[in-house]
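A.B. asks: Residues per chain, in single letters:
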Amino acid sequence: MADTKAVTERTRKFMTNRLLSRKQFVIDVLHPGRPNVSKAKLKEKLGKMYEVKDPNSIFVFKFRTHFGGKKSTGFELIYDSVENAKKYEPKYRLIRNRLDTKVEKSRKQMKERKNMTKNIRGVKKTKAGDAAKGGKKK
Amino acid sequence: MRLFSSDFHRFDKLVAVVLFVVVDKTMEISNSSADSDGVNKEAPQLVALLKEMKEGLDAVRSKVQALTVKVKENHFPTVDGISYLEAKHLLLLSYCQSIVYYLLRKAKGFSIEGHPVVRSLVEMRFFLEKIRPIDKKLQYQIQKLTRVAGPAVEKVGSGGKETDTTEKTEDLLKYRPNPDLLVSKSSLVSEHGDGVYRPPKFAPTIMKEDKISKQERMALRKEKETLRQASQSAYVRELMDDLEGRPEEVREIVGTESRELTRYKAKREEQSRREEELFTRAPVTKMEKKKEKYLKKSRNGLLGLADGFYDEIKSLPLEDDGGEHTAGFSNAGREGRKFNKRKSHGFLVFLLDWADEKPGTQEQKREDRSDLHLLDSEEGD
Chain A
1 MADTKAVTER TRKFMTNRLL SRKQFVIDVL HPGRPNVSKA KLKEKLGKMY EVKDPNSIFV
61 FKFRTHFGGK KSTGFELIYD SVENAKKYEP KYRLIRNRLD TKVEKSRKQM KERKNMTKNI
121 RGVKKTKAGD AAKGGKKK
Chain B
1001 MRLFSSDFHR FDKLVAVVLF VVVDKTMEIS NSSADSDGVN KEAPQLVALL KEMKEGLDAV
1061 RSKVQALTVK VKENHFPTVD GISYLEAKHL LLLSYCQSIV YYLLRKAKGF SIEGHPVVRS
1121 LVEMRFFLEK IRPIDKKLQY QIQKLTRVAG PAVEKVGSGG KETDTTEKTE DLLKYRPNPD
1181 LLVSKSSLVS EHGDGVYRPP KFAPTIMKED KISKQERMAL RKEKETLRQA SQSAYVRELM
1241 DDLEGRPEEV REIVGTESRE LTRYKAKREE QSRREEELFT RAPVTKMEKK KEKYLKKSRN
1301 GLLGLADGFY DEIKSLPLED DGGEHTAGFS NAGREGRKFN KRKSHGFLVF LLDWADEKPG
1361 TQEQKREDRS DLHLLDSEEG D
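Protein chains in written order, with the numbering used here: chain A, 1 to 138; chain B, 1001 to 1381.
By construction, these hints were calculated from the structure, which means they are not laboratory data. Computed from a prediction, not measured in an experiment: that's the story for all the values here. All residues carry an ideal CB built from backbone N, CA and C; glycine is no exception. There's no promise every hint is true.
Negatives, chain A to chain B, calculated, CB over 12 angstroms [as the list claims (entries may be wrong)]: (1) ARG12; (2) ARG64; (3) LYS70; (4) LEU77.
A partial selection of chain A residues facing chain B, derived with a Cβ cut-off under 8 angstroms [unchecked claim]: (5) SER21; (6) LYS23; (7) GLN24; (8) VAL26; (9) LYS62; (10) TYR88; (11) TYR92; (12) ARG98.
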């Protein structure tokens, strides 16, 4: 699709959060005539605007389109460094930014393991014990 | 009602007469005690009773004499009216008078039938009964006062007569400012010993905190109203946008917006403002999603057309099945139920849909057929 109309962003409620070593603000994105703008694009634009060295330390989330389209609002955080981001951000956002990987846990196996440990009392509920049980079960 | 010294005189005389009669009778009875056993048994009791009565009357007599002296000296001016307690005293006094007279007559052997004293006795008894509840209500306060007055009075009137004390208590009861009493109060206070002033507690009192007068309350409410109305005006909203640094919005209104829609928008805006404040988002419920989906359906700019429709027709006596007035999502009692799609502009939607359909559809055919039917019937006739 051609860029017939420009996408404008404005930031509001800017705050430098020294405690969490980040800058946080609200973004208003105006995109008349087209659907929502992707987060990656927004990150790139804002990186340029705020001269951020590492685009991985920008997190954009909670975007919602206003009634009737054309405008959406969301939140954004720009961390001082990626280490800070890894320290303070919740896991799901890190996974979205590809700074962390999702561990695929089989729910069924987890539940089985838990139900096994219900039969035993006390210190015996160690990992070794569980593994043994798991092996035994097989 | 004025306190006359003649009243006291009368009472004095009555008391004297009764005393004389009583003493006489006791002498007689004690003399003729040898008559019979029955009389002997009753006589000592009677004698004892009469002796008691005599003593009581003696005491009263002395008090009354003292009071009479006081009244003669004009110590109790009652030009400005009389207080409750004084009235009570007088009432009791007259009651005693009547009782004594009654006894006299009985003792002398006169009949009491139809005598006015009986009537007056009954009257006074009635009055006393009537004022008993008032008495009960005041009892606590009077007790407190007498307790406070007691030690103070003792200190001051230690050298005085009995009448002095009665006067002092009466003064205390009347709450008249008395410099003598002031002195007594300070002495009372020093009696406590810890050097802290503790006011005497008579009745429970509340501390008046900042009481907002009616005018102030009305003014506050008016202020709130004007603020609310101002926030709804476009000019003020522009100002606010300017202050907050929001970009100027040019909204294109396609057709009129229904009331529902404007309300929904206002609510959402308010919520988004709060969310921005807290940097979080509230989760969107299913109902809200449904509502949004429903409102986003475009109706070719005819949203607000049927807004006031039911307001106008509800007064008319049409053959409505009264339950179809459900307009939109804002139904209080329909929390968990399935959303009722029949609304005030349901028929409008139907019309639009009908208008949008191509010719040759079911409905069109039906319409044609109905026309034909009419023609047939006409021809038949």
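A.B. asks: Each hint should be assessed against the structure and marked as holding or not.
C.D. replies: Against the structure, the hints:
| no. | hint | result |
| --- | --- | --- |
| 1 | ARG12 | violated (6 angstroms) |
| 2 | ARG64 | violated (7 angstroms) |
| 3 | LYS70 | violated (10 angstroms) |
| 4 | LEU77 | violated (9 angstroms) |
| 5 | SER21 | violated (16 angstroms) |
| 6 | LYS23 | violated (12 angstroms) |
| 7 | GLN24 | holds (7 angstroms) |
| 8 | VAL26 | holds (5 angstroms) |
| 9 | LYS62 | holds (5 angstroms) |
| 10 | TYR88 | violated (14 angstroms) |
| 11 | TYR92 | violated (14 angstroms) |
| 12 | ARG98 | violated (23 angstroms) |
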